[in-house]
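Trainee: My request is simple: use the sequences and hints to build the entire structure.
There are 2 protein chains.
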Amino acid sequence: MKNLKIGLCGTGNVGYAFAKTIINSKALIEKNYGLSVSISLIGARKGKVQGLEDIHTVTDIYEVPKSNDVDVVVELIGGVEEAYELAKASLKNKKHFVTANKALVATHSKELFKLANENNVHFGFEASVAGGIPIIRIIRDGLISNKINSFAGILNGTSNFIFSKMADENLSFEAALLLAQEEGFAEPDPTFDISGQDAAQKTSILATLSFCKHAVIKNIFFEGIDNISPLDINFGKQLELILKPLSVGIMSTESVTLGSFPAFVKKNSLLAPIENESNAVLINAENVGSTMYAGPGAGAKPTANSVLSDIMDVGDGKIFNYEKFVENPLFSSFENFSCDHYLRITVSDETGVVAKISTLLAENNLSIDNLIQKELDKSDGAIPLVIVINNSDEKIIQKTISDIQMLSEVKNPISHIRILEI
Amino acid sequence: MKNLKIGLCGTGNVGYAFAKTIINSKALIEKNYGLSVSISLIGARKGKVQGLEDIHTVTDIYEVPKSNDVDVVVELIGGVEEAYELAKASLKNKKHFVTANKALVATHSKELFKLANENNVHFGFEASVAGGIPIIRIIRDGLISNKINSFAGILNGTSNFIFSKMADENLSFEAALLLAQEEGFAEPDPTFDISGQDAAQKTSILATLSFCKHAVIKNIFFEGIDNISPLDINFGKQLELILKPLSVGIMSTESVTLGSFPAFVKKNSLLAPIENESNAVLINAENVGSTMYAGPGAGAKPTANSVLSDIMDVGDGKIFNYEKFVENPLFSSFENFSCDHYLRITVSDETGVVAKISTLLAENNLSIDNLIQKELDKSDGAIPLVIVINNSDEKIIQKTISDIQMLSEVKNPISHIRILEI
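Chains as they are written, first to last, in this note's numbering: chain A, 1 to 422; chain B, 1 to 422.
For the record, the hints were derived by calculation from the structure and aren't laboratory data.
Backbone N, C-alpha and C define an ideal beta-carbon position, used for all residues, glycine too.
There could be a bad hint or two in this list.
[Unchecked claim] DEER-style ranges, computed between Cβ atoms:
#: 1; chain 1: A; residue 1: Lys266; chain 2: B; residue 2: Leu231; range: 21 to 31 Å
#: 2; chain 1: B; residue 1: Phe192; chain 2: A; residue 2: Gly79; range: 34 to 44 Å
#: 3; chain 1: A; residue 1: Glu335; chain 2: B; residue 2: Glu327; range: 54 to 64 Å
#: 4; chain 1: A; residue 1: Asp369; chain 2: B; residue 2: Lys395; range: 36 to 46 Å
#: 5; chain 1: B; residue 1: Asn170; chain 2: A; residue 2: Asn336; range: 54 to 64 Å
#: 6; chain 1: A; residue 1: Pro230; chain 2: B; residue 2: Lys147; range: 55 to 65 Å
Mentor: In structure tokens form, the structure reads like this:
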């Protein structure tokens with residue numbers, strides 16, 4: 001039986017779950033796949049790990065890629081710079097390298113793909129996007145003959161959890177975030193998730209594979225989720241729209257449109273029932289048409305399983321040449337992205353304000369699909385006006401929003417949410 | 001560059017689409033995967049195929065597995081017996097064998113897995129279940145460390161199309177079937193689809209892989225879809241339930257529950273928005289939790305793509321030992337399957353009938369979750385009574401239904417639809 005020895009760096013939640021998965025699944029994998037896998041070495045700064053005392057452990061993680069007793073290095077330490085050093089050291093030492101680190105892949109995939117190819121070893125990163133969903137192998141191995149036209153997905157479980165709780169339990173953004181933190185779906189410092197950076201990194205990885213062109217985070221237009229008010233979620237409900245943290249990639253002849261932002265979907269969208277911490281990816285490809293993949297976006301065990309699936313690729317002798325796969329240059333642009341738009345404008349309760357806004361919309365050749373004017377508590381003399389605008393591209397809608405914002409009757413920053421037909 | 005020569009048997013819709021896919025994707029596959037694929041020989045009873053005249057063609061399909069110019073035989077002729085002969089001849093001649101034929105796999109997988117293993121060649125059948133969704137490789141390669149607890153899916157696109165049209169356009173079963181035939185989603189003889197046999201075959205293949213135990217069609221409890229009335233779909237809407245053709249597999253310690261039948265799902269189910277000819281599979285696994293995969297269930301191009309993904313496995317050197325993977329025996333049973341139930345009982349409009357039915361339910365320890373008594377057109381003195389019954393297993397619900405059916409006030413056969421919490 002083929003034998004594969006793993007050097008594991010990082011023994012936090014995911015690392016520990018991975019080690020336990022290997023130990024618990026060893027017999028199953030031997031029987032079902034004819035492969036013997038074991039962890040031969042652990043790199044952990046603090047030394048021996050409780051529950052994994054039997055495994056030889058070094059405190060210098062850079063010892064791991066040097067060991068003759070290691071075939072594949074699994075990086076679960078997180079962060080970018082140390083992980084990058086470890087990846088380079090591993091690949092140069094002709095060790096296969098498997099990581100769950102989206103920041104590493106989003107930042108350094110180009111160099112790492114090249115180094116893996118030069119050293120004829122496998123670079124696996126299934127766990128870096130959409131945790132438990134085997135989306136990398138689906139794109140790579142399942143949709144082979146397909147030119148992928150577009151993808152749309154929910155890639156940040158924290159944001160999806162927050163929007164779900166705001167909608168279902170009528171919570172404020174702050175209360176929903178606190179709940180996410182309590183339940184372990186948001187970090188103590190949630191900046192990375194709620195600023196949209198996490199989703200943007202994952203979007204760049206998905207885009208790279210989907211379009212076979214190297215995307216990096218600066219190619220992604222992204223917005224955070226912290227400006228969303230319960231008002232918007234409730235107006236959405238009236239309009240049969242559901243708010244989701246969406247990531248999209250659309251291929252056109254000249255360029256690729258890449259974005260990651262809160263957006264409304266129709267209530268019959270396949271993405272509508274994807275709730276709480278779940279992730280999903282919808283892919284539209286030339287031959288197969290639309291397919292969707294949904295599941296847990298994070299969590300130690302789902303992530304550990306995805307890491308294991310990469311290990312199994314290595315056991316299978318797979319050395320995928322990502323450098324060759326994604327060698328084309330990428331031109332990205334967001335300004336031609338076109339969709340319907342939801343605007344919530346807080347206006348002073350004076351006659352004529354709707355007419356002024358309508359005139360500005362008409363001047364920009366925009367048509368109104370729906371308008372809600374709600375007589376809420378008018379103690380401050382301000383009322384929300386919700387307008388749904390038919391299909392407009394980014395350039396025009398942004399100009400129009402700043403035109404409307406300048407009207408003296410407009411009180412607060414306008415809330416703008418894109419509406420996507422997916 | 002590695003070179004793979006394909007012998008294609010069958011040049012109907014799928015076979016032709018597959019040949020065109022190979023021709024059109026040749027450059028893409030060479031660039032992205034470093035593999036040269038070509039069709040070196042066609043087996044077609046009627047001889048040369050229009051549009052594929054350049055490819056050497058023989059009229060005796062059994063010549064194909066004998067050819068020295070063929071590495072992998074692709075079977076797209078359909079039917080069981082000839083396909084089985086072709087499969088055996090191919091494997092014995094040490095040719096890899098790839099098929100889209102669910103009937104072949106459902107009927108003969110045990111022998112074919114064995115033969116493939118003995119001859120050290122790959123047996124690929126990705127296209128046999130859920131056409132364009134790479135579900136076989138997801139279970140096999142993506143969910144490795146997971147003991148799969150259960151699956152639930154929509155595996156028959158024809159039935160799903162018919163239910164969708166009945167619901168959306170208020171059509172009768174017959175009218176929806178006619179529309180499915182007109183649009184090419186149902187065969188001129190639709191028996192195989194509407195009897196539930198097609199879904200049952202696919203269920204047996206999914207069960208075999210999910211639970212690593214050999215399932216055959218006789219292990220599957222299945223029901224057809226032709227007894228469904230628009231009345232049931234409309235009562236379902238009132239109860240916020242949506243009718244779907246479902247296939248389920250549930251693992252328990254003693255046995256596996258396998259079934260394929262029309263069932264209601266709640267309107268917020270992940271399966272609710274899977275409409276028309278689409279398929280979907282929801283898998284619940286020990287480590288990953290719930291994941292869902294959705295897409296086209298049939299169609300020449302999606303099927304051709306799945307066939308190609310198997311070819312790529314062969315190009316990768318993959319020879320998966322399915323015989324070893326599914327060597328455990330299977331014990332299946334449906335009588336312990338437990339869920340809520342919808343009953344529509346046509347009763348004569350007499351006082352006391354609801355009391356009689358309630359008494360029978362109470363005697364069987366069943367509780368009523370919902371009851372709708374509708375004063376419809378009473379010209380024939382009969383009214384429909386809809387009862388939703390809380391969680392009951394098959395043994396009890398079947399006994400109760402036959403008890404109720406025997407009441408003199410009950411006019412027509414009782415309509416019984418299971419309600420699944422997925």
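Trainee: Each hint: holds or not?
Mentor: Each hint, compared with the structure:
Distance hint check: the CB atoms of Lys266(A) and Leu231(B) are about 28 Å apart, consistent with the given range 21 to 31 Å. At roughly 56 Å, the beta carbons of Phe192(B) and Gly79(A) sit outside the given window of 34 to 44 Å. A hinted range of 54 to 64 Å for the beta carbons of Glu335(A) and Glu327(B) is consistent with their spacing of about 58 Å. At about 54 Å, the CB distance of Asp369(A) to Lys395(B) disagrees with the hint of 36 to 46 Å.
The beta-carbon spacing between Asn170(B) and Asn336(A), approximately 41 Å, falls outside the hinted interval of 54 to 64 Å. As the Cβ distance of Pro230(A) to Lys147(B) is approximately 41 Å, the hint placing it in 55 to 65 Å is violated.
This entry does not satisfy hints 2, 4, 5 and 6, going by the numbered hints stated previously.
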